[in-house]
Each structure stands twice: as structure tokens, then as C-alpha cells.
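Participant: Okay, here's what each chain looks like letter by letter:
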Amino acid sequence: MHPAIRTDHLTKRYGPLLALDDLDLTVTAGEVFGFLGPNGAGKSTTIRLLLGLARPTAGQAWIFGTPAADVATAHQRIAYVPADVTLWPQLTGAEILELLGATGPGVDVAYRDELVARFALDLSKPGRAYSTGNRQKVALVAAFATRAPLLVLDEPTAGLDPLMEREFRRAVVEASDAGSTVFLSSHQLAEVEAVCDRVGILRAGRLVDVATITELRRLHRTEVLVRFAGPAPELTGVEGIDGVQVDGAALRFALTGPPGPALRALAAADVTTLTMREPTLEEIFLDYYGESGR
Amino acid sequence: MSTTGSVDGGTAGAAVTRLALRQVRRGALGMSGLAAGTTAIVVAGYEATAGTALDAAALAALAENPAVRTLFGEPFALDTPGGFTVWRTGTVLAVLLSVWGVLATARITRGEEESGRWDLLLAGRLAVPAVLGRHLAVLCVAVVSAGAATGVVLVAAGTPPAGAVRYSGGLALVALFAVSTALLSAQVMPTRAGASGLALAVLGVGLLARMVGDGVAALGWLRWLSPYGLLALTRPYHEDRLLPLLVLAGAAVVPGAAALVLARRRDVRAGLVAAPTGRQPRRWLLGTVEEFAVRRMLRPLAGWSAGIGAYFLLIGLLASSMTRFLSDNPRFAELAGQAGFTELGSVRGYTSSLFVLLAVPVGIFVVVRLAEFVAAETDGRLTSLYAQPVSRSRLLTAETLATLAGVAALLTVAAMATWLGTYLVNAPLPLPAALAGTWNVLPVVLLCLGAGLLALGWLPRATAAVGASPAVGGFLLQVLADSADLPGWVSVISPFTHLAAVPAESPGWTASLVMVGIAVVAAALGRFGHRRRDLLG
Chain A
149 MHPAIRTDHL
159 TKRYGPLLAL
169 DDLDLTVTAG
179 EVFGFLGPNG
189 AGKSTTIRLL
199 LGLARPTAGQ
209 AWIFGTPAAD
219 VATAHQRIAY
229 VPADVTLWPQ
239 LTGAEILELL
249 GATGPGVDVA
259 YRDELVARFA
269 LDLSKPGRAY
279 STGNRQKVAL
289 VAAFATRAPL
299 LVLDEPTAGL
309 DPLMEREFRR
319 AVVEASDAGS
329 TVFLSSHQLA
339 EVEAVCDRVG
349 ILRAGRLVDV
359 ATITELRRLH
369 RTEVLVRFAG
379 PAPELTGVEG
389 IDGVQVDGAA
399 LRFALTGPPG
409 PALRALAAAD
419 VTTLTMREPT
429 LEEIFLDYYG
439 ESGR
Chain B
714 MSTTGSVDGG
724 TAGAAVTRLA
734 LRQVRRGALG
744 MSGLAAGTTA
754 IVVAGYEATA
764 GTALDAAALA
774 ALAENPAVRT
784 LFGEPFALDT
794 PGGFTVWRTG
804 TVLAVLLSVW
814 GVLATARITR
824 GEEESGRWDL
834 LLAGRLAVPA
844 VLGRHLAVLC
854 VAVVSAGAAT
864 GVVLVAAGTP
874 PAGAVRYSGG
884 LALVALFAVS
894 TALLSAQVMP
904 TRAGASGLAL
914 AVLGVGLLAR
924 MVGDGVAALG
934 WLRWLSPYGL
944 LALTRPYHED
954 RLLPLLVLAG
964 AAVVPGAAAL
974 VLARRRDVRA
984 GLVAAPTGRQ
994 PRRWLLGTVE
1004 EFAVRRMLRP
1014 LAGWSAGIGA
1024 YFLLIGLLAS
1034 SMTRFLSDNP
1044 RFAELAGQAG
1054 FTELGSVRGY
1064 TSSLFVLLAV
1074 PVGIFVVVRL
1084 AEFVAAETDG
1094 RLTSLYAQPV
1104 SRSRLLTAET
1114 LATLAGVAAL
1124 LTVAAMATWL
1134 GTYLVNAPLP
1144 LPAALAGTWN
1154 VLPVVLLCLG
1164 AGLLALGWLP
1174 RATAAVGASP
1184 AVGGFLLQVL
1194 ADSADLPGWV
1204 SVISPFTHLA
1214 AVPAESPGWT
1224 ASLVMVGIAV
1234 VAAALGRFGH
1244 RRRDLLG
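Quick note, the sequences are listed as chains A and B, same order. With the numbering used here as the guide, the letters of the first sequence map in order to residues 149 to 442. With the numbering used here as the guide, the letters of the second sequence map in order to residues 714 to 1250.
Heads up, a few of these hints could be off.
[To be verified] Okay, the calculated beta carbon distance ranges per label pair:
1. B/F1241 / A/R425: 35 to 43 Å
2. A/D325 / B/L833: 38 to 46 Å
3. A/R203 / B/R978: 46 to 54 Å
4. A/V321 / B/F1241: 56 to 64 Å
5. A/V321 / B/G743: 51 to 59 Å
6. A/T205 / B/G750: 36 to 44 Å
7. B/S828 / A/T205: 27 to 35 Å
[Said to hold, decoys possible] Derived list of chain A stretches under chain B, where covered just means 3 residues or more per stretch with a C-beta under 8 Å from a C-beta of chain B:
8. 251-264
9. 271-278
10. 373-386
Rather than coming from a laboratory, the hints here were simulated on the basis of the structure. By construction, the Cβ of each residue, glycine as well, lies at the ideal position given by its N, Cα and C atoms.
Work out the full structure: start from the sequences and follow the hints.
Facilitator: In C-alpha cells form, the structure reads like this:
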């Protein structure tokens, strides 16, 4: 079985700007893949290349084994929600859904009606009268209603309120349960954390890491808070421990990698409580990009 | 407020003025150059034309032809370089300047507001009337410069300053009327297309009123109601009247002032006419990309059909006044025959010289459709269709075929309107002859389509300019070549030179096939480029 998405040395230059550098990525069928990176890292460029909207400078991409450039075939299995949805101003929401349903890879009308109700979408308005969030809802309903094997979503919740974001997550889970692959580019790290199996992290056009969220956490620093009675445990030089702060009968440090050596060092002390907090995706994200951004 | 670095109102206003200036400077320079250049070539070539092709008497007789009058207006002082230049280029330049004025005004005011870019601007310290006022001022300077450039050329060529001032002032005032009407319609209509459509309709009615007034003596007063008519009534280099200019100035000031007053009474992004907030879905023509291309074209096509239909109905209605003129002036047919205008006197000859003109509006229709396709790609409206399981070639083919169907409709409407007009005044032109005449311009329209597609594939932002060049550039070249003593190759590159006067003559099949061949090659190259390039936006 072909992977949902495969890229091989995919590269895109815009004049002197290297927007995407030698991307090798495989997204297996059925997984929910989060695509992270700061603004300008190349996320939208990657998506435009995957959809055949832009032509690669070098390398190639395949959608379920079909070259991405063969859009008439590849798009039979794709539904797409762009980051910035522009609707035909004179068509109403209902007419836009009709057009996209009729020209698209297929449509589950009953599910579409259900999504319209769940997203509380007023379909009688013309496109020009929709707010940013409502334009996005039209595009999301159209995409999910296709039941396409691959959903490519580029920052789909940027304009949604928290209630609608919850509906979005439900729809992603439903799509995933039905066997669809979801490729989700997002800045909403809580959302990626909630729905994604794996994430790819892009920085300045290069893929710096691909891992499950659990793996990412393990690779990153866990914050440990230890309260103790008696003398403070001796942690100097212990493997994986960093930034020790002693505050009376409490001690705080950051742990990277396996916890064994740290636990052995703590065993010698009279520990009363031990709290370990895993890093949020946001903290991991900031670790990758630091203060300087990209 | 006295914090350091605060910006006073004057600086904010100057920033808005600079913004408006940046958005129109290129077009304004182009318009000034076009107005001055055309005028210079015609006035310089006057001696050659008047001296060799026709003597003054022949020229005067030719100018008495209602067909020619319908086109270029009532002729005066054709025996002077100034009078001849005004007659030959006045209407064309007035129409070009005013249409540019409308499109530029709608683009930089309602267009910017509709796109939401003015939200940021209007969140600053300037209110809508102040921002509009500054845009209006910049547009006024732009069109007045074009008028002034014409005047400078005419004075430099040695024509009497009084006539040059009347004429160039009149040109500028017609364009000012267009700008201020467009500004008013931009307050009324909530969309750019609606605003420019309404203002262009006003100009179109004005042009028709001028033509009827010039062609039918009893309705001469209609010209007082039209900006183009008022310009003609000034009669530069002949009577140098002032009253029509004063009326025109008043007509130009009123809509602009009304626009600034009305701007206070509306919300940002809204027009006085509210956009409908909801309606029942109309599901027809949404099933395939081909159907959708047709659906998007229908409304503009209705507008173009109405305009072109009205123009050619008028042409048909004027046919009888022309035949009457001929029976009164037997000398005319003789003169025209000597000058190579065979059969200009007959209904067929008269209509065929006007059918050739049809290539310009229909060519522009084609280019506007292609430019709209590029605009939809750039602003992301087409993204959802490009993401469907539909190849790029099929989308472009759908758009091309829909446009061709629109062309067929427009050519047929023009023929039927002419036929109806001639039928009503008892100077019948058979419908097949009318259809042969209008469809004869198809090769030039196809050249526009081919050039537009070529640009769409390789240089999409230049689609409108490149696509319009065969029709608009070719027509201007031919006008210049007719009026001035230009080298032969200049007129050879204009497609109009190769267009036979159908139905007076039989169609020039060879030239037509060559033009169609060039168009097909250009279109194929354009489609190849479109398939390979990155999409915009």
C-alpha cells in the first residue's frame, strides 16, 4: 500500500529564497500528521507543492503513489482547506458547497448537512458577507463532507472560536476513525497535541524532526519538583540533570532523557513528594526555535 | 497631545495622498503619454493627409456622412490642423480618458474598501470623506495633466491657443466628470464591479446621446445632456464656445460633491445600496467547471450585450438618414469612390465600416474575462477549484470556451440589433449580411484571446495589457496611420488593416486564416506556460 504522502528531495526556490530545502517526508495512510513551524518556515509552500499548485524546483511528491503534478488523479483522494479562504463573493454558502461537491472527489450529503448544523453555519449568505471564521467553516464543511482519504488542512482553525475548534477536533477524529489520513498544518499546538499521532517540525525550509508526540516529550526536558526532609540530595554531575534550583526544602531541576540516574541520586535523600511535569508542545516548540523565532 | 513622535493631521493626510498617487501614477502617465502622443502624430500628419488623400472639399463631404459623424462627431474647421485633430481624435481620447477615470476611481476607492485594506487606513485619524477627498484630488490632477498635455502639444504645433485651451479643458472636464461620477457610484454601490458598472453605464448613455444628437438633426439638443456632446458643442478652433464648458464643469463638480456628502452617511465597506444579506440558493450551472465558467460570465455578458446592442441598434436606425443624404449629394459618392471608400454610400458600405469597430469592444470583453480569471487566481477564489480533481488545462479550456460562447453571443447580438434598426427605418440590411459583417471581426477578437492566453501562461499580471493590444493598439495604429503620414509597415502590423469591409466586400479568407493561425499558436504557447507555472496567490 502506498503512503498517503511521500516526498523525495522536494525543493522549492523563489528566486534567491530557498523556501523548502530537500524535504523527505512520508505520511502513512490513516495517520493524523501535525506539521509545525513558525511563519515563513515553508509549511504553506510544502502544501502548495503537494497539491500541485506550485511546481517543485527539484525533487518530487506522490499522493497515494500518484505524482502530485497529476492533479486530475491525485485530487480524487484529496480534500483541501487553505489557510486564507477566499469565496466567490456572489455565491451563497449553499451554492459554494454545491459547486465544490459537484466538482470534487465526491460528497456525503447527509454528513455535510450534519456538519453544517454542528458548525452552526448560515448557508443563505453570499460569500462576501461571511466573516473570516465563517469562510473557514464553509471550506471545512466542504472538505470533511468529501470523506476523502486524505485531508490537507492548512491552519484551518485560525479564525474559529473555541466551540467551533472543538467541533473541528471532533471532525478530525471522525475522519481518522473512518480511515482517512489528515495532514494538519497548525499553530494551535494544543490542537496538534490533542489530535495528531506524529508531528513534523519545519524550520527555515528544512525538516528538523519527525516524531510521535510521546517521543518528542521524551527527548525534551521534563520539569521535576522534589520536596525533601533533611539534607538536600546531591545532584551535581548526574546524567540528564540540568538547572538545579534549591529553595529551602524544595528542589527544582530539568530532566532530559531517561530518568534512571536522577531517581538513583534522589533515592539517597528523604524525599517527601516528587512531581514531574511533562513539557507542553509549546515548550518543545520554543525549545526548537528559541527566542529568535526561526 | 504632545507626545514625541506624534503625527499631526497634515502628515497623515499627506501619507494618504502619497498612497493614492502610488496607485494611479503609472496609469496616469500612460494616459497623458497616449493623449499627447496621438494628438502630436495626427496634428503633425495633417498637412500630408489633407494635401494628398483628399482635398478640403472632399474631406468636408466625407465628414458630412452620418456614419462618419456618428463615429467622430460633427466636424468643424477641418481645414485647420487643430480642427482636424479635434475631429479625428477628440471622441476617441475623451472615451479612453473617461473610461480610465472610471476604472481607476472604482479601483482605488471602492475596490480598496471592499477588499478590507481601507479598514486599517480608516482606523487612523482620517475619516472617510477626508480619505475620499484626497483620492479625488489625486485623480483630478491625473486627468487634468492628460488634458493639459494635449493642450501643450496643440499649442506647440502652432494651432491657436484659444482653441487648444477649449479643447484640452473640455477633455479634462469630461474625464473629471467620469471620475466624480465613479466616486459617487462608489458611495452608492457596495462592490467595485457595481460601482464601475454603474458609472460606465452613465458614460455609455452619454456617448449614445452624443451620437444620436450628431446623427439626427432634430435631436441635436441631446448633446447638452452628454459630457461627450458638451465637448463637441464647444467647437474648438471654430466658434470656441465657453458655455458648454461651463455646463460640463458644473456637471463634473456636482457628483463629486454629492459623493463627499454621502460618504458621511454610510458605514465603512457598505454602500447606500445594501448588499443582500441572504437568499435562497440558485443551484443552476454549478455541476461542472464548464457550467460554472458560463455562470460567472452571464451577468457581465448581459451588460456587454445591452451596451453593444444599443450601439448597433442606433447604427441601424441611422442608416436611413444616411441614404437620404446620399440621394441629396450625388457628388459625395463620386468623391468617396475616388478616395477608395467604395460603397461607403450604400447601407452595406456604411454598416461594414462600423462593423469593423466591433472588434474593439468584443476584444476588450475577451480580455476582461481573462483578466478576471487571473484576478480570481491571485486572490484565491480559484484555489478551491484548482484543488479539485480537475486539471489546470481543463479549467482554462472551460474559461476559454465560455468566453468564446460569449463572443459568439455578442457578435450575433450586434448583427441582430443592426438588422432590426435598418428594418425599422426601411433601409433593410439582410440578416445574413449583418451576421457576415459582425462575424468578420472574429479573427481580431481571437488574436486578443490568443495574446491574452499567452500572457496568462507566462506573464499573468500583464494579461489585460497584452490581450488588449491587438484590438485597442491595432485600432489606434490604424487611426494614426489613416490620419498621419506614417510608414507603410506601421499600418501593416495592425490587424484592422487586414480586415475586409464585410458585407460591402467579400471576406478576406487568407488574412483571416493567418490571424486565426497566429491566435491558435499564441493560445497553445499560453496554455503550455499555464500548465507549467506556479499558481499566483
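Participant: State for each hint whether it applies.
Facilitator: Against the structure, the hints come out as follows:
For the pair B/F1241 and A/R425, the supplied restraint of 35 to 43 Å is violated, since their beta-carbon distance comes to about 59 Å. The given range of 38 to 46 Å is respected by A/D325 and B/L833, whose C-beta atoms sit roughly 43 Å from each other. In this structure the supplied range 46 to 54 Å holds for A/R203 paired with B/R978, their Cβ-Cβ distance being about 50 Å. Remark: the range hint 56 to 64 Å for A/V321 to B/F1241 is contradicted by a beta-carbon distance near 44 Å.
Remark: the range hint 51 to 59 Å for A/V321 to B/G743 is upheld by a beta-carbon distance near 57 Å. Judged by the Cβ atoms, the range 36 to 44 Å given for A/T205 and B/G750 holds: they are separated by roughly 43 Å. Between B/S828 and A/T205 the beta carbon distance is about 31 Å. The supplied range of 27 to 35 Å therefore holds. Look at the stretch 251-264 of chain A against chain B: 3 of its residues bring a Cβ nearer than 8 Å to a Cβ of that chain, three or more, so the hint holds.
Counting residues of the stretch 271-278 of chain A whose CB lies closer than 8 Å to any CB of chain B gives 6, so the stated coverage by that chain holds, three being the minimum. Look at the stretch 373-386 of chain A against chain B: 0 of its residues bring a Cβ nearer than 8 Å to a Cβ of that chain, fewer than three, so the hint is violated.
Violated hints, in rising order: 1, 4, 10; the structure is consistent with all others.
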